[in-house]
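Peer 1: Single-letter residue listing:
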Amino acid sequence: MIERKKLVLIGSGIKTLSHLTEEAKTYIQHADVVLYLVNEPILEQYLQKQNANTISLEPYYFQYQNRSNAYNKIAQLILSQTAVNQFVAVVLYGHPTVFAMPGLMAIKQAEQDGIETLIIPGISAEDCLFADLGIDPGNPGHLSIEATEFLLKKRNIDVNSHVIIWQIAMLGSLTHTPCKDVSKILALFQEKLLNFYEPEHNVTLYEASIYPGMMPKITTFSLKDIATISFSRLTTLYFPPKSNAPIDQEIYQILGLQENRI
Amino acid sequence: MNLLKKIEQLSQNCLFLDNRDVFLEGLNEEMKTLFIQGDQLKLREMIATHQFFADSIEVVKIHD
Numbered sequence: 442m443i444e445r446k447k448l449v450l451i452g453s454g455i456k457t458l459s460h461l462t463e464e465a466k467t468y469i470q471h472a473d474v475v476l477y478l479v480n481e482p483i484l485e486q487y488l489q490k491q492n493a494n495t496i497s498l499e500p501y502y503f504q505y506q507n508r509s510n511a512y513n514k515i516a517q518l519i520l521s522q523t524a525v526n527q528f529v530a531v532v533l534y535g536h537p538t539v540f541a542m543p544g545l546m547a548i549k550q551a552e553q554d555g556i557e558t559l560i561i562p563g564i565s566a567e568d569c570l571f572a573d574l575g576i577d578p579g580n581p582g583h584l585s586i587e588a589t590e591f592l593l594k595k596r597n598i599d600v601n602s603h604v605i606i607w608q609i610a611m612l613g614s615l616t617h618t619p620c621k622d623v624s625k626i627l628a629l630f631q632e633k634l635l636n637f638y639e640p641e642h643n644v645t646l647y648e649a650s651i652y653p654g655m656m657p658k659i660t661t662f663s664l665k666d667i668a669t670i671s672f673s674r675l676t677t678l679y680f681p682p683k684s685n686a687p688i689d690q691e692i693y694q695i696l697g698l699q700e701n702r703i
Numbered sequence: 392m393n394l395l396k397k398i399e400q401l402s403q404n405c406l407f408l409d410n411r412d413v414f415l416e417g418l419n420e421e422m423k424t425l426f427i428q429g430d431q432l433k434l435r436e437m438i439a440t441h442q443f444f445a446d447s448i449e450v451v452k453i454h455d
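Protein chains in written order, with the numbering used here: chain A, 442 to 703; chain B, 392 to 455.
Bound conformation, chain B alone (with noise of 0.2 Å):
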């Protein structure tokens, strides 16, 4: 399935702890788990096609 549309709807619905099942229909069997568990690193790797992520756009500055 398109995983893009899928963001999508999920972020133009109202999610709550008694509906958010309803919406994850039509991920596979892995992501909805993944979403149930909310495992979300192990879900963008999924999606991704590499392994590393800019997680850190900040550092310490040692010097002036």
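The following block holds chain A by itself, in its conformation from the complex (with noise of 0.2 Å):
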């Protein structure tokens, strides 16, 4: 019987080691090849100790100047090393399928080749967010977009819910450099939220903690002021929400909530 081939995606987590799971680091030293795109040097250098056969996936991103086209190389160059070795491991730092493109596209091309996948989990930036912030977002629900998804098409925001937005620093570009006229695209982000916030709503500008030991960096500004802050790569925007959704008093009736009122 021929064994069937395996990928597994692997998420790091975002604190580096911190994050690892017993689960993430098992795969990682049985793999016959690990591939990675980490963003912090000393996770690179831990995953060369723990297996002898690892390929970074870094010269492949920064090798196209469109983001998505060097995406597609990734996922192509995973596929061609489950074409070479029984086990392919990829670690991607965060969580491999929260905001990480290569890693799923890589999986399901996979999958329809027959190959056996696994995805192994890793702590998300959002979910460090959670954390920091003391955020449920259960209650009252949340939306998470990336920042020129959001601006690009006619997207619409629950100001209901905890809103989340990514990669505000890479606002507007599809490369690997934030657009030259920031301000200018700021001023547009900035419009289009002032369709759904007022402009003194809080907004917190968050960077999870990569460093065991270092604090997060949280903070608070207006979104009138939006356009005045400078971003870091790592900076995520998050909007609480704006007021309690209204009850739909129809379906409070039929439902009969009214009756279970202590």
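Bear in mind the hints are in silico, worked out from the structure with no lab data behind them. It is possible that some hints are incorrect.
[What the hints assert, rightly or not] Residues of chain A clear of chain B, computed beta-carbon distances all greater than 10 Å: (1) Asn492; (2) Lys549; (3) Thr558; (4) His617; (5) Asp622; (6) Ala628; (7) Ser673; (8) Tyr693.
[Stated by the list, open to error] Only pairs whose alpha carbons sit at most 27 Å apart, straight line, appear in this in silico DSS-like list of lysine-lysine: (9) Lys423(B) - Lys452(B); (10) Lys514(A) - Lys452(B); (11) Lys490(A) - Lys452(B).
Don't be surprised by glycine CBs; every beta carbon is placed ideally from N, CA and C.
Starting from two chains that each stand alone, build the complex the way the hints lay out.
Peer 2: As structure tokens, this is what we get:
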């Protein structure tokens, strides 16, 4: 019997080594080859120590100016390794399918090719944000969206939810470098947000800690000041709910919930 | 000092505001200061041999 090939996509978490699970370590140690795209050099050293056969995907990441092309190339490279190895592991930082395109692209193609696939979750920047800001995304719900996706497309925001906007530093850019005219793009972004929020609405700039022992970066400002704020590539924006969503009285009556009030 | 070992040590201890500095012993003064200031981007640049990092691996789909 021929054993099916394996492709395992692994999330390393955000905080270097601290977030790496026992499950993730086991797969990293036993893979025939470990491909990785991480944004922190100590984690890279650690991976090289855990497995003698590692390949950094970073050169391919920067080989193409257009990010979409880079991610396609990375997905192709992952698949090409499954052709010559029985058990391929791919490590991406954070959660490997949360705001991380190339791993999932490779997994989906591998499944079509008959390869056994597995995804090992990791702690995402959003998970860190929930913890550091003391937020329950289930109460009253949340929306998570990429900044350029929100700006470029006709998208709505549910202001009764927690709203998280990712990759603000790359707003309007499809390449590896931020837009040159950042203030102009931020003004457009602000204008769109003002369709949903008051100028005084609080916005929190959040940067999860990537090193154990280091505090996260948390700064709150008003939406009207957003164009004056500088963002790092790790910055995520958080908008608290504007108000409680009104109850649909018709549904409330149909469900008989008024009778259950204590 | 071996930074990998130091980060491993930090990740294996319960760190709080009142004991963190003890665990930072062994780092050079500049790194220790960056830790205390929370300047992780500068620390990362100091540790790395390059200045560019794969910080975004998601991009808007313009076409299907």
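Peer 1: All hints are to be evaluated individually against the structure, with a verdict given for each.
Peer 2: Status of the hints after comparison with the structure:
no. : hint                  : verdict
1   : Asn492                : 15 Å, holds
2   : Lys549                : 14 Å, holds
3   : Thr558                : 18 Å, holds
4   : His617                : 8 Å, violated
5   : Asp622                : 18 Å, holds
6   : Ala628                : 19 Å, holds
7   : Ser673                : 6 Å, violated
8   : Tyr693                : 39 Å, holds
9   : Lys423(B) - Lys452(B) : 42 Å, violated
10  : Lys514(A) - Lys452(B) : 16 Å, holds
11  : Lys490(A) - Lys452(B) : 36 Å, violated
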